[in-house]
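*Asks:* Each chain, written out:
2 protein chains.
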Amino acid sequence: MTSKKAPKRHIKLTSHPGSHGPPPLPIRWGAPSAAERGPIIGSLTDPERRNVIGTHSGSYAVYRAVAVASGALDPDHRPDLTDTSPTDIIGPYPAWYDAERIVSIDPFGAVVHEAFADLYRDGYDIRPTIAITKAHIHMPEIAAAVAAGRLVPDGKILRDRSDCVVTKAAIEPVWYLPGVATRFGCSESDLRRILFEQTGGMFPELVTRGDLEVFLPPIGGKTVYIFGELDHVSDSSVPLAVRVHDECNGSDVFGSDICTCRPYLAHGIEECIRTAQQGGAGVIVYFRKEGRALGEVTKFLVYNARKRQEGGDRAEQYFARTECVAGVQDVRFQELMPDVLHWLGITKIDRLVSMSNVKHTAIVNSGIEVVERVRIPDELVPPDAQVEIDAKVASGYYTDGTVPEPGELAVAKGREYDI
Amino acid sequence: MTSKKAPKRHIKLTSHPGSHGPPPLPIRWGAPSAAERGPIIGSLTDPERRNVIGTHSGSYAVYRAVAVASGALDPDHRPDLTDTSPTDIIGPYPAWYDAERIVSIDPFGAVVHEAFADLYRDGYDIRPTIAITKAHIHMPEIAAAVAAGRLVPDGKILRDRSDCVVTKAAIEPVWYLPGVATRFGCSESDLRRILFEQTGGMFPELVTRGDLEVFLPPIGGKTVYIFGELDHVSDSSVPLAVRVHDECNGSDVFGSDICTCRPYLAHGIEECIRTAQQGGAGVIVYFRKEGRALGEVTKFLVYNARKRQEGGDRAEQYFARTECVAGVQDVRFQELMPDVLHWLGITKIDRLVSMSNVKHTAIVNSGIEVVERVRIPDELVPPDAQVEIDAKVASGYYTDGTVPEPGELAVAKGREYDI
Chain X
0 MTSKKAPKRH IKLTSHPGSH GPPPLPIRWG APSAAERGPI IGSLTDPERR
50 NVIGTHSGSY AVYRAVAVAS GALDPDHRPD LTDTSPTDII GPYPAWYDAE
100 RIVSIDPFGA VVHEAFADLY RDGYDIRPTI AITKAHIHMP EIAAAVAAGR
150 LVPDGKILRD RSDCVVTKAA IEPVWYLPGV ATRFGCSESD LRRILFEQTG
200 GMFPELVTRG DLEVFLPPIG GKTVYIFGEL DHVSDSSVPL AVRVHDECNG
250 SDVFGSDICT CRPYLAHGIE ECIRTAQQGG AGVIVYFRKE GRALGEVTKF
300 LVYNARKRQE GGDRAEQYFA RTECVAGVQD VRFQELMPDV LHWLGITKID
350 RLVSMSNVKH TAIVNSGIEV VERVRIPDEL VPPDAQVEID AKVASGYYTD
400 GTVPEPGELA VAKGREYDI
Chain A
0 MTSKKAPKRH IKLTSHPGSH GPPPLPIRWG APSAAERGPI IGSLTDPERR
50 NVIGTHSGSY AVYRAVAVAS GALDPDHRPD LTDTSPTDII GPYPAWYDAE
100 RIVSIDPFGA VVHEAFADLY RDGYDIRPTI AITKAHIHMP EIAAAVAAGR
150 LVPDGKILRD RSDCVVTKAA IEPVWYLPGV ATRFGCSESD LRRILFEQTG
200 GMFPELVTRG DLEVFLPPIG GKTVYIFGEL DHVSDSSVPL AVRVHDECNG
250 SDVFGSDICT CRPYLAHGIE ECIRTAQQGG AGVIVYFRKE GRALGEVTKF
300 LVYNARKRQE GGDRAEQYFA RTECVAGVQD VRFQELMPDV LHWLGITKID
350 RLVSMSNVKH TAIVNSGIEV VERVRIPDEL VPPDAQVEID AKVASGYYTD
400 GTVPEPGELA VAKGREYDI
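In order, the protein sequences belong to chains X and A.
Position 85 of the first sequence, counted from 1, bears residue number 84 in numbering that gives the first Met the number 0, the numbering being contiguous throughout.
Position 315 of the second sequence, counted from 1, bears residue number 314 in numbering that gives the first Met the number 0, the numbering being contiguous throughout.
It cannot be assumed that every hint is accurate.
Treat identical chains as interchangeable: a pair holds within one or across any two.
Only pairs whose alpha carbons sit at most 20 Å apart, straight line, appear in this in silico DMTMM-like list of lysine to aspartate or glutamate [claimed, not checked]:
#1 K347 - D189
#2 K155 - D230
#3 K11 - E47
#4 K412 - D82
#5 K11 - E187
#6 K347 - D97
#7 K11 - D189
#8 K412 - E196
#9 K412 - D383
#10 K347 - D117
#11 K155 - D383
#12 K155 - E415
Since the hints were made in silico from the structure, they are not lab data.
No experiment lies behind these values; they were computed from the predicted model shown.
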């Protein structure tokens, strides 16, 4: 900083174990009770009590900081959590006490007020990392399914105006670093060092505070939508439909026809409603992982490369074009994805509405039985999305239809830009 | 780190000006040409050449780092940008050379290959922060507008199957810190210090590198959708419709009926198509600012507090409930929002499809004329969203209808949960 911009007071650039006051409350990941596990303290109103790296709200922590800088937010504000507790009780389930089954969610994140009531009385600022509420949702595709007779309103799960009543949960990422490193097949120290270095130097505490094992990364979270009775989700004696969906703003919101994302999501919701009406339940999990977690700028660059490459937009080059631009085909790391299913107490999925072999493998390897996989109906594949489906099926995605031959994959099926 | 986790090599916790090698290429924000402005170098393949704080892809940088840690991505990979250049030329416009008009976007972010061709030849790893492509989008609401006769396909902007042809751009945040501080009414040094401290210690370079004035924050970006001829967007002699829309996943994707987000977005797209068909153009900008940039966990906590409070869910308590939980009503900071409109060369908006007085003020104060504001049609307000609309209109949002009286605002109009 130049002299005119001199900071007003001493700024500590990073902390070190034992460098200030008594050690914070320990977190014993996987302990047999919430009290023994200990609270996640990521708030900034009492820095000495923090026992994690990073802070709450994922990437929105940056906006919160701007609010303090602009004077709009008092940095010492503590949430008034009156009336905010979950509308529905989820868990606890055995996986909540298993250090290996869940490594990227705080299973007690929705019930902190209850689980750590004593600490609140002692003035600890412990914040929820999960919020559970109810909603009525209305999607045109579900109304169309009712009009076509594929779905019939029952007045409870599916109302007369084709509205669905759901329980939903928003979940922030809470990473137990030793467990995350194991999932990714690297050492914890490598994970810490590379997370620090390959983000351009974010959070030196990743390398200076080996004693802090939990990290609240500044990334998007996930949202769970539950259809039907909540108790049915974890009851393996009734049918369960599940779709684990990765965000695709261009399709999910705007209906771009280059991929199958929204149509498949809508089909997943239709399956969820149907399964709930049959006495089971349905679960959609929406993960904030735009463009295979490479982001939308990379995604659009890849679209251009696909459309312009010699030979046209075709399945055999589908993954290669992403790898040219990004150096990797996909960074969604489905290894962490099943955590949310274990948080919900799921042990068996009757209808998995996904063709992804990567997702299927991650779910099965995490100990959840998958009875049947449901592919996207052919009539829902948008005009420009056949390249994607062919490429994915050829690479190992599930189908009960035909796997395209190599010659077929070389045929350009995607639209060319008028350029 | 404990001894068993000893890092493999020396880790530099933060850098200081001049602490290593020659100074990086300067960035002269607002300079009269791209060459004089200089490139944004946020890549990590050649750390000595970096001239910004942070790295590319917003919050997805964390996933990229995990990809390196897991061995899936070579950290030295440089993008092969063959065939990825913009499908359509946007700009340059005078605002691109104005240090005050644009402070949160790199206006040259889509044309780095061309603007810094010499530096590429010298081996610099300069990455695009903007990508421009084309898409065909299909929304059920637009098909419904065609069926109802409100829109008529013209075969070009709106095709026979109710598909729209759009140009779209994904934009990463690039913050010129002195300019951002001015927008927020604080000093640059306070902004830097508070961004560091209130994120839990993210990026010590914010405080140690006063010489680096540009920051690539790990937050979501924005996406522009353009309807009609691109040249018409900046041509003030033809009509322009604009909606600046802040993400709301629960409504935009799932159709939750507690707010007006997706219906208003769909109405905005309808206005964009109609205006383009009249010889003008339409622009939708989609900002990743979930839950007023407080995130979805806070949003769901607030929903519960609204539904359960004594007296029921009513307009007079709409903003208060958010403030109780978050300490602030809104952290979207519309002060930065108009940057994207200036990047597009917009000087006049004929139809602003937004009722927000905060957005309107930010746009007008940035020097763009707004001719008319378009409110959401009453018939598009979902069943449970009247509380939101009443509260916003009472607080100063635009309407050409009735402003609710205080007594009206005290009446519970929101659904109660069955709890």
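*Asks:* Each hint: holds or not?
*Replies:* Cross-check of the supplied hints:
Taking the closest pair of Cα atoms, K347 and D189 never come within 20 Å of each other, the shortest separation being 34 Å inside a single copy and 52 Å across copies. In the homo-oligomer, the alpha carbons of K155 and D230 lie at most 20 Å apart inside one protomer (16 Å), although the nearest pairing across protomers, at 51 Å, exceeds that limit. In the homo-oligomer, the alpha carbons of K11 and E47 lie at most 20 Å apart inside one protomer (13 Å), although the nearest pairing across protomers, at 25 Å, exceeds that limit. For the identical chains of this complex, K412 and D82 are inter-copy neighbours only, at 18 Å across copies versus 54 Å inside a copy, given an alpha-carbon limit of 20 Å.
Proximity of K11 and E187 under a CA criterion of 20 Å is satisfied inter-copy only: 18 Å between copies versus 25 Å inside one chain copy. Taking CA atoms no more than 20 Å apart as the test, K347 paired with D97 passes inside one copy only; the shortest distance there is 18 Å, against 59 Å between copies. Taking the closest pair of Cα atoms, K11 and D189 come within 20 Å of each other only across two copies (15 Å); inside a single copy the shortest separation is 25 Å, beyond that limit. Taking the shortest Cα distances, K412 and E196 never come within 20 Å of each other, neither inside one copy (41 Å) nor across copies (51 Å).
Taking identical chains as interchangeable, the C-alpha atoms of K412 and D383 lie at most 20 Å apart only when both belong to the same chain, with a minimum of 8 Å there against 44 Å between chains. Taking CA atoms no more than 20 Å apart as the test, K347 paired with D117 passes in neither setting, with 36 Å inside one copy and 58 Å between copies. For a Cα distance limit of 20 Å, the shortest separation of K155 from D383 across copies, 17 Å, qualifies, whereas the shortest one inside one copy, 37 Å, does not. Taking CA atoms no more than 20 Å apart as the test, K155 paired with E415 passes between copies only; the shortest distance there is 16 Å, against 46 Å inside one copy.
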